[in-house]
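Participant: Take a look at the letters that make up each chain.
Number of protein chains: 2
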Amino acid sequence: MTDEEPRAPRADAQRNRARILEVARTVVAEQGTQASLRDVARRAGIGLGTLYRHFPTRDELLETLLSDRFDRLAARAAALESTRPPADALAQWVSDFAEGATAYRGLAASMLATIEDETSSLHASCLAMRQAAGRLLGNAQAAGAVRADVDGTDLFALVNAVGWIADQAPSLSARRAHLLSLVLDGLKPH
Amino acid sequence: MTDEEPRAPRADAQRNRARILEVARTVVAEQGTQASLRDVARRAGIGLGTLYRHFPTRDELLETLLSDRFDRLAARAAALESTRPPADALAQWVSDFAEGATAYRGLAASMLATIEDETSSLHASCLAMRQAAGRLLGNAQAAGAVRADVDGTDLFALVNAVGWIADQAPSLSARRAHLLSLVLDGLKPH
DNA sequence: ACCTGAACACCGTTCAAGT
DNA sequence: ACCTGAACACCGTTCAAGT
Numbered sequence: 001m002t003d004e005e006p007r008a009p010r011a012d013a014q015r016n017r018a019r020i021l022e023v024a025r026t027v028v029a030e031q032g033t034q035a036s037l038r039d040v041a042r043r044a045g046i047g048l049g050t051l052y053r054h055f056p057t058r059d060e061l062l063e064t065l066l067s068d069r070f071d072r073l074a075a076r077a078a079a080l081e082s083t084r085p086p087a088d089a090l091a092q093w094v095s096d097f098a099e100g101a102t103a104y105r106g107l108a109a110s111m112l113a114t115i116e117d118e119t120s121s122l123h124a125s126c127l128a129m130r131q132a133a134g135r136l137l138g139n140a141q142a143a144g145a146v147r148a149d150v151d152g153t154d155l156f157a158l159v160n161a162v163g164w165i166a167d168q169a170p171s172l173s174a175r176r177a178h179l180l181s182l183v184l185d186g187l188k189p190h
Numbered sequence: 001m002t003d004e005e006p007r008a009p010r011a012d013a014q015r016n017r018a019r020i021l022e023v024a025r026t027v028v029a030e031q032g033t034q035a036s037l038r039d040v041a042r043r044a045g046i047g048l049g050t051l052y053r054h055f056p057t058r059d060e061l062l063e064t065l066l067s068d069r070f071d072r073l074a075a076r077a078a079a080l081e082s083t084r085p086p087a088d089a090l091a092q093w094v095s096d097f098a099e100g101a102t103a104y105r106g107l108a109a110s111m112l113a114t115i116e117d118e119t120s121s122l123h124a125s126c127l128a129m130r131q132a133a134g135r136l137l138g139n140a141q142a143a144g145a146v147r148a149d150v151d152g153t154d155l156f157a158l159v160n161a162v163g164w165i166a167d168q169a170p171s172l173s174a175r176r177a178h179l180l181s182l183v184l185d186g187l188k189p190h
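Protein chains in written order, with UniProt numbering: chain A, 1 to 190; chain B, 1 to 190.
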């Protein structure tokens with residue numbers, strides 16, 4: 001056998017990686033997507049360099065925490081597309097997305113940033129999700145349920161903006177569902 | 001004369017204060033409302049402690065930079081109220097506000113934060129402006145031009161959210177006017 | 001009365017030295 | 001092959017010492 005399997009990572013490296021992710025989930029839940037990476041390393045009981053070795057950028061860490069969610073939402077869009085009327089499918093997907101978008105403080109900002117930053121590790125998984133949602137939008141527009149001058153980026157930006165509002169203050173967070181329905185209602189043709 | 005005038009600040013203190021504001025305007029224009037205060041002091045050629053003496057918090061400095069703008073917008077609302085039909089007056093005011101809201105990166109976030117934080121120095125001047133705008137909203141609703149389930153805070157949050165979107169990426173910034181019109185259009189009764 | 005900058009407690013990021 | 005933590009370049013904030 002001249003072509004061998006690539007060696008599996010060393011056991012200690014695997015343990016460290018898992019430990020970082022476990023702690024990162026907690027710390028990001030507490031502090032948001034801008035959480036202190038030093039704090040993550042400290043609480044995981046590993047050296048700061050080890051964290052950077054496994055996750056060279058903050059986005060690489062976030063991507064690992066969030067890609068499942070993005071993949072699930074992309075699959076959800078595909079499922080809704082084939083089982084629901086266009087307007088329903090879009091409304092339901094946005095509602096599902098919006099619910100998760102407030103999982104972490106700063107998440108709306110992190111997601112919107114990936115649109116522009118193609119070097120971000122979050123770019124690909126987030127783009128796939130956006131494209132799946134874009135098809136739902138297109139269908140809803142073809143059915144006359146959404147005005148024609150809205151594109152997928154507009155919709156994504158607006159939904160994240162409502163998520164951002166909810167991040168800013170508790171009293172605004174309480175209005176989140178209402179603000180979202182105002183915005184979505186407003187996208188219907190007059 | 002037993003009750004004397006309060007003494008005018010020392011000449012050097014006055015000069016320092018003016019110099020801080022001058023430099024802060026530049027640095028905030030460059031770096032946004034989260035600009036480094038250390039950088040402001042450095043570029044103003046004054047000690048860091050002097051900056052903190054004149055402006056104990058970041059918001060106190062921002063308030064001094066921004067209160068003129070808020071006062072002008074409050075006055076603008078009053079003027080529009082007495083000269084234009086309700087729907088026009090509101091649309092024009094929001095357009096004026098939105099234009100200024102992108103003057104500095106981070107400004108939308110700073111403004112929205114003052115809603116909740118009553119200890120912020122920006123709270124009072126921003127509240128007065130919001131109340132003036134709230135009257136325009138009420139008039140527009142009474143005239144049937146805006147749906148009834150929108151309050152002043154909703155409108156303020158949404159307009160700032162669109163400003164925030166524009167902060168996130170150049171490509172989104174180019175869609176700002178379109179996104180704003182989408183949102184405002186959407187607030188009309190269906 | 002006011003100014004100054006060192007001091008303290010934090011960051012993110014890199015990298016030489018270790019195992 | 002991987003881990004570690006010191007080192008560097010930044011923050012915000014406070015305060016003892018100066019003029």
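Take the hints with a grain of salt, since some may be wrong.
[Said to hold, decoys possible] FRET-style restraints, in silico, Cβ to Cβ:
1) B:A11 - A:T26: 29 to 39 Å
2) A:R53 - B:E116: 33 to 43 Å
3) A:A13 - B:E118: 19 to 29 Å
4) A:E116 - B:E116: 24 to 34 Å
5) B:L21 - A:R10: 51 to 61 Å
6) B:Q131 - A:S95: 51 to 61 Å
7) B:E116 - A:E22: 40 to 50 Å
8) B:Q92 - A:P85: 37 to 47 Å
It is worth saying that the hints were derived from the structure and are not from the lab.
Fair warning: this is a prediction, and the values are worked out from it, not measured in the lab.
Each residue gets a CB set at the ideal place from its N, CA and C atoms; glycine is no exception.
Participant: All the hints need checking, so say for each whether the structure fits it.
Facilitator: Each hint, compared with the structure:
no., hint, verdict
1, B:A11 - A:T26: 29 to 39 Å, "violated, 55 Å"
2, A:R53 - B:E116: 33 to 43 Å, "holds, 40 Å"
3, A:A13 - B:E118: 19 to 29 Å, "violated, 50 Å"
4, A:E116 - B:E116: 24 to 34 Å, "holds, 29 Å"
5, B:L21 - A:R10: 51 to 61 Å, "holds, 57 Å"
6, B:Q131 - A:S95: 51 to 61 Å, "violated, 33 Å"
7, B:E116 - A:E22: 40 to 50 Å, "violated, 33 Å"
8, B:Q92 - A:P85: 37 to 47 Å, "holds, 39 Å"
Violated hints, in rising order: 1, 3, 6 and 7; the structure is consistent with all others.
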